[in-house]
Each structure stands twice: as C-alpha cells, then as structure tokens.
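Sequences are here, hints too, so could you generate the full structure?
Going down the list, the protein sequences come from chains A and B. At position 5 of the first sequence (counting the first as 1) the number is 5 in our numbering, and the numbers step up by one without a gap. At position 75 of the second sequence (counting the first as 1) the number is 75 in our numbering, and the numbers step up by one without a gap.
By construction, these hints were calculated from the structure, which means they are not laboratory data. Misleading hints may appear alongside valid ones.
Stated by the list, open to error - Listed below are the simulated DSS-like cross-link pairs for lysine-lysine, each with C-alpha atoms no more than 30 Å apart in a straight line:
| # | chain 1 | residue 1 | chain 2 | residue 2 |
| --- | --- | --- | --- | --- |
| 1 | B | 24 | A | 194 |
| 2 | A | 194 | B | 64 |
| 3 | B | 39 | A | 194 |
| 4 | A | 71 | B | 24 |
| 5 | A | 68 | B | 48 |
| 6 | B | 59 | A | 194 |
| 7 | B | 64 | A | 71 |
| 8 | B | 48 | B | 24 |
| 9 | A | 71 | B | 39 |
| 10 | A | 68 | B | 39 |
| 11 | B | 24 | B | 75 |
| 12 | B | 39 | B | 59 |
| 13 | B | 48 | B | 85 |
| 14 | A | 71 | B | 85 |
| 15 | B | 85 | A | 68 |
| 16 | A | 68 | B | 64 |
| 17 | B | 24 | B | 39 |
Small disclaimer: the values here were computed from a predicted structure and weren't measured.
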Amino acid sequence: MPDIDRITRRPAEYLAETGVPLLAGGLVWLLLGCSILVQRILPNTFVVQEAPKWAAICCCVAVLWLAKVIKQRAVFPRGGYVEPRPYRRSRIFVWFMLFAAGFWGLLTWPGYLSLIESRFFWPAFAMAAGAIGLVSGWRQRTPAMMWFGIYVLCLAPLLWWLPVDNYERWAWSQVAVGIPIVIGGAIRFRRFLKANPLPLESPHG
Amino acid sequence: MDDVDRIIHEPARLMIAALLSGAKEADFLFLLRETGLTKGNLSSHLAKLEDAAYVEIEKTFRGKVPLTLVRLTPKGRSALQSYRKRMNGLLRQL
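The structure is reproduced here in structure tokens:
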C-alpha cells in the first residue's frame, strides 16, 4: 500500500519547495532588523525614530502581498494551485514552542525581567535555536536545516562579542538570520522555475 | 477483500484522494503533476470519484484563465479513512 501519510503531506511540501515562504519570511526578518539599525543612525527624536519602524511594518505587509502575487502569477500556472489543510505540527516544533513559551514566561516573571537586558540573552537564544534547528534537521534528514542550525550556533559567540547594546544585538541577529533564509528561498525559487516551465496549453479539462 | 471500497482502492484514485485529503482544494494541474497521469486518465478517475460523491469539482475562471478546482467531500474523507483502517486490518492478518 502506498505511504498515504507521505502523499497527504505533498500539498504543504509543494508550497515549501517553491521557496516563496522562505523568501517572504527571510525578507520580513531582514526588514525588521534593518529598521532597528536605521533607527540607530538617525537623530533621536520621536518622529524620526518612529518612521523606520512604521516603514518596516509597511514593507513587511508589502512583502506578504508580493508573495501572494508571486504564487498566483509564477507558481500556480507552473505547478498548479493547492491550498493545504493546516498540518499537524511536528513534535520538535511543539517542543520548541513549549520551550519558547516557558522561556518567555520565566523572563517576564517579576525579578527575572532584567535577564532580557543581559548581554548573554540573545547569544543564549541563538544557541538554543541553533541546537533545535540542528536536531530537527538531523531527525528529518534535511542537510539544509542542519547547516542552518550550525550557522545559528556559530552566531552565538559573534552576538556575544558585538560591542553594542542588547536592542542592537537583537537587530543584528535578525539580519544575520534573515540573509541566509532569503538566499535559501531565492535558490529554491529559481530551482522551481527552472524545473517547472509554463505549460504550452491550458491543462484544465 | 469483498468489502473493500473499489472506488478508492484503485491506485490512481487512492493517490488522488490522499492528495486531496491534505488540501482544502487543488486544481487540475496540481493533481496532474503530482499523480503523473495523463489528462484523459485523470479526468476519467475524477469523474468516477465525483459520481461516488467523494469529490466535488468546480469549473471556474481565474481572470480569463479556466480553472478546475477539486475538493474532497466529507463522504470522500470518511471513505478514505475507512479504507485505510480496513487495509491496515487486512495487512495485520497476514
């Protein structure tokens, strides 16, 4: 009997294979990180400081809209249209969300709030996220995810070394994570376009 | 084996039903590419599934481009689940 569970996952895998979700997600991370870095070089007045933040939010909305347009104009005419059902989350993802929720709960507990301001916070977060990515990639046998996990682990000491405050450290971590995600998404999208030329005639029966 | 659903049991239709069970809806091109069937073959299998009320087919347009959307009905989803349980039970007996 064919592996029906594997076939059932194909609609979600197909959209991931196009690279569009990675491109959109990576760009959003990059834009949010860049907006903070731009704030740092602008004069410290209320209006000027708020402008990059709102510009980034508008750009993020534009990115999500653009992702939808790319799917409609480039992806669906080549590979077909599908709207996946919400899929069961993997156990690793569930553990990660529990860990993140517990972590944030602990940090927001009165008395622990100063931990967020601590220099070790973002490096520690990078180590945890990198470890989860590495283990997840190893279990699912996806080398790309494993390499990404190793990359994020290597970011941790760099984030620790950066001679900036925690807010800017966070911004640099977003930029550092966003760039490889965008590159990965672009490579996947290009690969999808090359492997799926536009059909010469309408396939619809 | 007599009580196995012959509509779903056919490999191509089983694959179509399994693909649609992971989606809210899919178009003809997606099913064509994922199943590897020819257009005529796929149309024929979809017609059989539609006759059994396992799928619903909507022919519409996206702009000026014709679009054939396919969805698995609740009856089709239930039939697929029952088929899986039946086949797993039969395989366990071997």
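Do the hints match the structure? See the list:
Between residue 24(B) and residue 194(A) the alpha-carbon distance is near 27 Å, which keeps this suggested pair within the 30 Å criterion. Only pairs whose Cα atoms come within 30 Å are accepted, and residue 194(A) paired with residue 64(B) is accepted, the gap being roughly 25 Å. Taking the CA atoms of residue 39(B) and residue 194(A), the gap is about 23 Å. The hint holds against a cut of 30 Å. For a cut-off of 30 Å, the pair hint linking residue 71(A) to residue 24(B) stands: about 17 Å separates their Cα positions.
A C-alpha spacing of about 33 Å is found between residue 68(A) and residue 48(B), which places the hinted pair above 30 Å, so the restraint is violated. Taking the CA atoms of residue 59(B) and residue 194(A), the gap is near 29 Å; set against the 30 Å cutoff, the hint holds. Restraint check for residue 64(B) and residue 71(A): satisfied, since their Cα atoms lie roughly 17 Å apart, inside the 30 Å limit. For a cut-off of 30 Å, the pair hint linking residue 48(B) to residue 24(B) stands: about 20 Å separates their Cα positions.
Distance check on the hinted pair: residue 71(A) and residue 39(B) sit about 23 Å apart at the alpha-carbon level, within 30 Å; holds. For the given pair, residue 68(A) sits about 28 Å from residue 39(B) by alpha-carbon distance, which is consistent with the 30 Å threshold. This hinted pair checks out: residue 24(B) and residue 75(B) have alpha carbons roughly 14 Å apart, not beyond 30 Å. This hinted pair checks out: residue 39(B) and residue 59(B) have alpha carbons roughly 15 Å apart, not beyond 30 Å.
About 22 Å separates the Cα atoms of residue 48(B) and residue 85(B), which keeps this hinted pair within 30 Å; it holds. Between residue 71(A) and residue 85(B), the direct Cα distance comes to roughly 36 Å. Violation of the 30 Å bound is thereby established for this hinted pair. Between residue 85(B) and residue 68(A) the alpha-carbon distance is near 38 Å, which puts this suggested pair outside the 30 Å criterion. Of the pairs offered as hints, the one joining residue 68(A) and residue 64(B) holds, with about 19 Å between alpha carbons and a cut-off of 30 Å not exceeded.
For a cut-off of 30 Å, the pair hint linking residue 24(B) to residue 39(B) stands: about 22 Å separates their Cα positions.
The structure is inconsistent with the numbered hints 5, 14 and 15, although it conforms to all the rest.
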